[in-house]
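Here's the letter readout for the chains.
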Amino acid sequence: MARTEQQSNDRFQGRWFWRYASPAAFYPVAGRIEKLSWALAAILAIVGLYIGFFRAPTDAQQGEVYRVIYIHVPAAWMAMIIYLAMAFWAATGLVLGTRLSFMMSHALAPTGAIMAVIALWTGALWGRPTWGTYWVWDARLTSTLILFFLYVGYIALAAAFDDKKKGDRASALIALVGAVNVPIIYFSVNWWNTLHQGSSVRPGSSSMASIMLTAMLIMTFAFWAYCVAAAMHRLRTQIIEREAETKWVKELVK
Amino acid sequence: MIWESWSAFWDMGGRGFFVWGSYGALLIAIVAELMALRSARKKALESVVELKRLP
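Those protein sequences? They're chains Z and B, same order as listed. Under the working numbering, the first sequence has 505 at position 152, and the numbering climbs by one with no breaks. Under the working numbering, the second sequence has 254 at position 28, and the numbering climbs by one with no breaks.
According to the in silico footprint, chain Z covers these stretches of chain B (three or more CB under 8 Å from chain Z): (1) 244 to 256; (2) 261 to 269; (3) 272 to 280.
Think of the hints as simulated: they come from the structure by calculation, not from any bench. These numbers were taken from a predicted model, which means no experiment stands behind them. Think of the CB as a built atom: it goes at the ideal place given N, C-alpha and C, for glycine as much as any other residue.
Given the sequences, and given the hints that come with them, work out the whole structure.
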């Protein structure tokens, strides 16, 4: 923890990733990733929604309401994936003491929280016509609600300290401890009796019609690209805020 | 086109409220996030300008 950047710098001398662990070096790279991701997100969303709404047929059991799946499942997956990514960067920050890792972690959290809200909201609106209720306290739904609260707790804790370094470390702990909730969400439909249906997508065997699955996977990549773009934008803002004293940031504004 | 008409499309087999309620919420969330991203960036850049003005 007390390792200074200089010491770490010596330790990793010559490794390519070290160069991009510097906020100043990663700032322009993040900008390029952001632009590419916005474009990908828009194109994939148009294609995915077109297939999902104008090519995929009506579901034999559920009728048209199943079309919520094209955003419900991608949002739920992204809520879990972003949490894991956040925990990964928090751990990297704790171990290596890299400033950029904590910023990455902070940049992901709000988008992850939004994904959790979307998963819960669309799940409620899908549950009402198919299960007869907006909400039940079953394992899948409850653990996803806990995921949302973990995001909120993380964001609140990161912002609660005047000393940014304390906030970085305290929130990193929430990210790490809360990560155990992600496998609980994922396997909840197998471990407990739940109203929520089991996984319809498994490696090798999926229970969905292939055109529906295609649309859902394209939408998943669209969501993924959107989340990357939003996180990169937020990361660049964080870099500007935290490096405001440096010459290169001052040169960004005229 | 798999829909008989645009009104059949918007009706979603009588489940329009649930389908469009989901997609509408997503749209609102995305617009809100984009606005928040924009205003946070603006604020950060303004404080750098502030900082520069100090001797």
